Amino acid sequence: MPGRYRLLCAIILWAGSAHSLAAQGNPGGAVAVGVIAAAERPMTETEQFLGRIEAVRRVDLVARVTAFLNKRSFTEGGEVRAGDKLYELEKGPFQADLAAKQAVVAQLQATLENARLTTERAKALLSGPAGLQSNYDAAIATQRSLEAQINAAQAQVEASQISLNYTDITAPIDGKIGRTAVTEGNVVSPSSGVLTTIVSQDPMYVTFPIAVREALALRDRYAPKGGFDAVAIRIRLPNGRLYGQRGQLNFASNTITTNTDTITVRGQIANPPISGGQDGSAPNRELVDGEFVTVLLEGVQPVEVLAVPRAAVLSDQQGSYVFVVGADNTVEQRRVQLGQSTPTLASVTHGLEKGERVVAEGLQRVKAGAKVSPGPASAQVQATMSDDNLNAAGSGNAGNQSVGAATGASSGGSNNGMSSDTGKPTAAPPASGAGGMPAGASNSGR
17 MPGRYRLLCA
27 IILWAGSAHS
37 LAAQGNPGGA
47 VAVGVIAAAE
57 RPMTETEQFL
67 GRIEAVRRVD
77 LVARVTAFLN
87 KRSFTEGGEV
97 RAGDKLYELE
107 KGPFQADLAA
117 KQAVVAQLQA
127 TLENARLTTE
137 RAKALLSGPA
147 GLQSNYDAAI
157 ATQRSLEAQI
167 NAAQAQVEAS
177 QISLNYTDIT
187 APIDGKIGRT
197 AVTEGNVVSP
207 SSGVLTTIVS
217 QDPMYVTFPI
227 AVREALALRD
237 RYAPKGGFDA
247 VAIRIRLPNG
257 RLYGQRGQLN
267 FASNTITTNT
277 DTITVRGQIA
287 NPPISGGQDG
297 SAPNRELVDG
307 EFVTVLLEGV
317 QPVEVLAVPR
327 AAVLSDQQGS
337 YVFVVGADNT
347 VEQRRVQLGQ
357 STPTLASVTH
367 GLEKGERVVA
377 EGLQRVKAGA
387 KVSPGPASAQ
397 VQATMSDDNL
407 NAAGSGNAGN
417 QSVGAATGAS
427 SGGSNNGMSS
437 DTGKPTAAPP
447 ASGAGGMPAG
457 ASNSGR
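In my numbering, the protein residues as written are 17 to 462.
Each hint should be verified, as a subset may be incorrect.
What the hints assert, rightly or not - Simulated restraints on C-beta separations: (1) Lys87 to Arg132: 55 to 61 Å; (2) Gly371 to Gln264: 23 to 29 Å; (3) Pro240 to Ala343: 39 to 45 Å; (4) Asp344 to Asp245: 20 to 26 Å; (5) Asp100 to Pro206: 46 to 52 Å; (6) Gly209 to Asn130: 49 to 55 Å; (7) Ala154 to Asp190: 55 to 61 Å; (8) Gln264 to Pro206: 37 to 43 Å; (9) Gln396 to Ala343: 25 to 31 Å; (10) Asp245 to Arg195: 38 to 44 Å; (11) Gly371 to Thr271: 48 to 54 Å.
As the list claims (entries may be wrong) - The list that follows gives simulated cross-link-like pairs (lysine-lysine, DSBU-like), each with its CA atoms no further than 35 Å apart: (12) Lys101 to Lys87; (13) Lys241 to Lys370; (14) Lys87 to Lys241.
Read the hints as simulated data drawn from the structure, not as lab findings.
Predicted model, so just to flag it, every value in this text is computed and none were measured.
Cβ coordinates follow ideal geometry from the N, Cα and C atoms, glycine included.
Given these sequences and hints, build the entire structure.
Rendered as structure tokens:
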């Protein structure tokens with residue numbers, strides 16, 4: 017027991033000395049905090065949605081004739097070029113049919129030549145007493161009939177040639193080919209179904225739905241700036257990484273999906289090879305047909321916003337707020353409304369003025385009405401106000417949250433296939449299906 021009392025006394029004495037040292041460092045008991053001034057910064061407006069990658073061109077290959085499959089000439093999963101031979105069907109029956117049709121044409125041509133001679137003789141006899149007009153007319157009719165038969169026979173030859181050509185199944189487009197549905201030795205026909213599928217690789221489409229209300233807001237925002245040309249597309253991949261290429265919008269649907277009240281929008285983005293292909297293997301590309309991605313719509317021209325570090329913004333059930341340090345170093349809790357924000361930088365649309373000092377460090381020791389000892393925030397906090405943090409698409413954290421939200425939207429179906437503005441700390445969900453952090457969430461900058 018005496019040992020426990022001695023330990024308790026030592027702890028009390030240590031705490032008292034630490035409190036005394038803190039009081040010496042901050043005269044009057046004021047808490048030391050790091051502050052930063054709200055400043056106007058250029059920020060890229062970004063909206064996030066959920067979308068899917070689609071191939072620009074997609075071809076399902078089917079047999080055009082009935083024949084045995086002799087050979088498959090492609091590697092499953094590889095890339096092919098337009099004109100490459102993919103399948104070779106049995107040619108013998110079609111070659112024989114073509115030869116027979118050509119023989120019929122030759123026979124008719126010989127008969128036609130004899131009919132022409134007969135017509136000429138009948139015409140020559142018309143000038144003499146032995147000539148009959150009826151004989152001449154019959155010869156003319158026979159000649160014309162044979163000419164028509166030859167035309168029909170030549171058409172049959174062309175049809176046979178087309179059928180023979182169909183025994184070589186070639187790639188109609190450049191793209192990546194899938195697995196084969198049939199193997200050598202099987203009989204294929206037009207009713208056999210799809211033999212394999214080719215999807216184009218570069219460029220790719222990305223399609224995504226936008227709630228009508230939000231689509232109207234985007235139209236009003238960007239129509240005066242050039243419409244589609246005023247917006248760039250970025251893509252966040254399923255692993256949260258930002259795709260390196262930028263795309264452009266090129267289509268908006270002319271109808272609205274009534275059960276979700278959304279309109280489908282499409283963009284086009286490059287999908288170049290990133291590796292492979294030099295040794296004959298298929299090149300690796302990052303975008304895949306059918307892939308689920310987060311789509312970031314970015315304004316081409318940045319806009320000026322009033323910004324503070326994200327770490328300075330707190331939230332509770334009533335919404336977002338910051339601690340503002342007045343001229344007399346008294347702390348005021350100020351409710352704010354946030355606009356377009358990034359994971360490290362918050363855009364304030366209401367509740368804060370340019371130049372006002374907000375607490376960015378030491379928030380856990382601050383309460384409204386208390387006196388503080390303000391000092392400049394650390395270099396790390398100051399760096400959040402740099403140009404490198406002014407793009408909402410620039411953080412992997414945002415993308416991970418969007419992908420998580422996308423999974424929920426896909427399974428629940430309550431979000432119309434759309435993601436919220438990542439990192440928005442307001443408790444009440446905004447209009448157009450965009451949501452923020454749950455009510456009662458703690459420091460949104462952590």
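Output the indices of the hints that this structure fails to meet, ascending. 1, 2, 4, 5 and 14
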